[in-house]
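There are 2 protein chains.
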Amino acid sequence: MTNKKEINASVIIIGNEVLSGRTKDLNTSTVSMWLNSIGIIVREVRVIPDIEKIIVDTVIELSSKFNYVFTTGGIGPTHDDITAESISKAFNLEYGFHKEAFSILEKYYEPGQFNEGRQKMAKMPINAKLILNPSSGAPGFYVKNVFCLPGVPSILKSMLGGLNNVLVGGDPILSKTINLRTYESEIAKSLTNVQDNNKDVEIGSYPFFRQGKLGVSLVLRSVDQIKIDKCNSQILEFVKEKNIKLVEID
Amino acid sequence: MTNKKEINASVIIIGNEVLSGRTKDLNTSTVSMWLNSIGIIVREVRVIPDIEKIIVDTVIELSSKFNYVFTTGGIGPTHDDITAESISKAFNLEYGFHKEAFSILEKYYEPGQFNEGRQKMAKMPINAKLILNPSSGAPGFYVKNVFCLPGVPSILKSMLGGLNNVLVGGDPILSKTINLRTYESEIAKSLTNVQDNNKDVEIGSYPFFRQGKLGVSLVLRSVDQIKIDKCNSQILEFVKEKNIKLVEID
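Residue numbers (numbering that gives the first Met the number 0), protein chains in the order written: chain W, 0 to 249; chain D, 0 to 249.
Errors might be hidden in some of the hints.
Note: identical chains are not told apart, hence a pair may lie in one copy or across any two.
Stated by the list, open to error - Here are the simulated lysine-lysine pairs, DSS-like style, with alpha carbons at most 30 Å apart: (1) Lys-122 x Lys-143; (2) Lys-143 x Lys-23; (3) Lys-241 x Lys-122; (4) Lys-212 x Lys-241; (5) Lys-52 x Lys-64.
These are calculated hints, taken from the structure and not from any lab test.
Please model the complete structure; the sequences and the hints are all you need to start from.
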């Protein structure tokens, strides 16, 4: 992909529950699709355990390698929620009660209900900027180029909109999907030719199986609609020659 | 987790379609749960693009860091399937037609149907060992401690059984889940005490929302059933004191 103004990101999924296989990661998909829409491309995802040293090292490494880093998970009230403290250590920032976060949470809970566990959710780098949480009160936060979001998918999703004006994206990444009733091996050679002729378009080929029938989805991605269209025409040409059926899938 | 005989692994998901958010990764969960059952713990997952240099570097790094590495994706017939060639380069192994793989595929297809695209699936490090594929013919393979599996979840799943006798695991990782009708913040302090008293058990706390009701799943993991049971009793103690309801979820 030769996006000249590429703005990129990585996602760090913090959570033993994903590593153990108990929980399937849905957050990467949500974050990536949202980032694509504002012109930021996700280049790497890591899933790591709730271990401070690993969180610290991973955040330091990836924050210097990519324009943005997004972490998910580990900002709740329990002992295994150590993201905020780890981020503070990674950047050598003072960790403690964040005034604005404390005040938001204090107002969110009924009088007398703002207990020690809940107060922990106001602890973070004290000068962090907040990511407001329209679903359940407890905010996320960001420092430098690292944005810390919760692990619960519905809550995470509800918080992304608040960041649209904070992030600076590049050209939006456009895509076009062509679904064919064929096998990958039938089109592999023609597709290689098209890819060779269209270096600026990333062409992905993905077999699918729906309603008892096999097929292949071709996904064309680029920041340039004209290049996608050109690539699309060349694909449709060999599709026609080979008498392959185009299909609609959900 | 202080598993004294820890045997660990990492998973590398190779595929632009996961990074772009188009496809949700289901393979990590499948591979992790199967590995847990044979006493191997997954310590890191990386999702990386279909770019040779990144695949080569990631495989070299993780294969020296963990006992086993599993890759998923990129072993099909199309131009974006570059895992086998990248693995050959990572370990400086000759890449070409694998005799046994070629023969399996030749027999799998009808006469005249074993075309160039399909033949590509027989190309890999020529001395690799094969991972047989009961679903769709094309085998995976392994060299050194790196095991290469396909990206299609159902096919990947069908191939794992063939590896049970190849991998050497440690003590199986046991787990116990306790589901409570409560909020994390209500139990955070008590849970920290239990974790402090049971350092050899990894306790995870995960909020859930089912049928309109909130709750918390506590997951206890260890290689030692006695330690899990002890930890479980201590949790049930504070659960009783706080008058919290135990619930069943799927």
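Verification of the supplied hints:
1. Lys-122 x Lys-143: For Lys-122 and Lys-143, only the intra-copy Cα distance (17 Å) is at most 30 Å; the inter-copy one is 45 Å.
2. Lys-143 x Lys-23: Both ways: Lys-143 and Lys-23 sit 29 Å apart in one copy and 29 Å across, limit 30 Å.
3. Lys-241 x Lys-122: between (62 Å within a copy, 26 Å between copies)
4. Lys-212 x Lys-241: Within. Shortest intra-copy distance 19 Å satisfies the 30 Å Cα cut-off; inter-copy 54 Å does not.
5. Lys-52 x Lys-64: both (18 Å within a copy, 16 Å between copies)
In summary, this structure violates none of the numbered hints.
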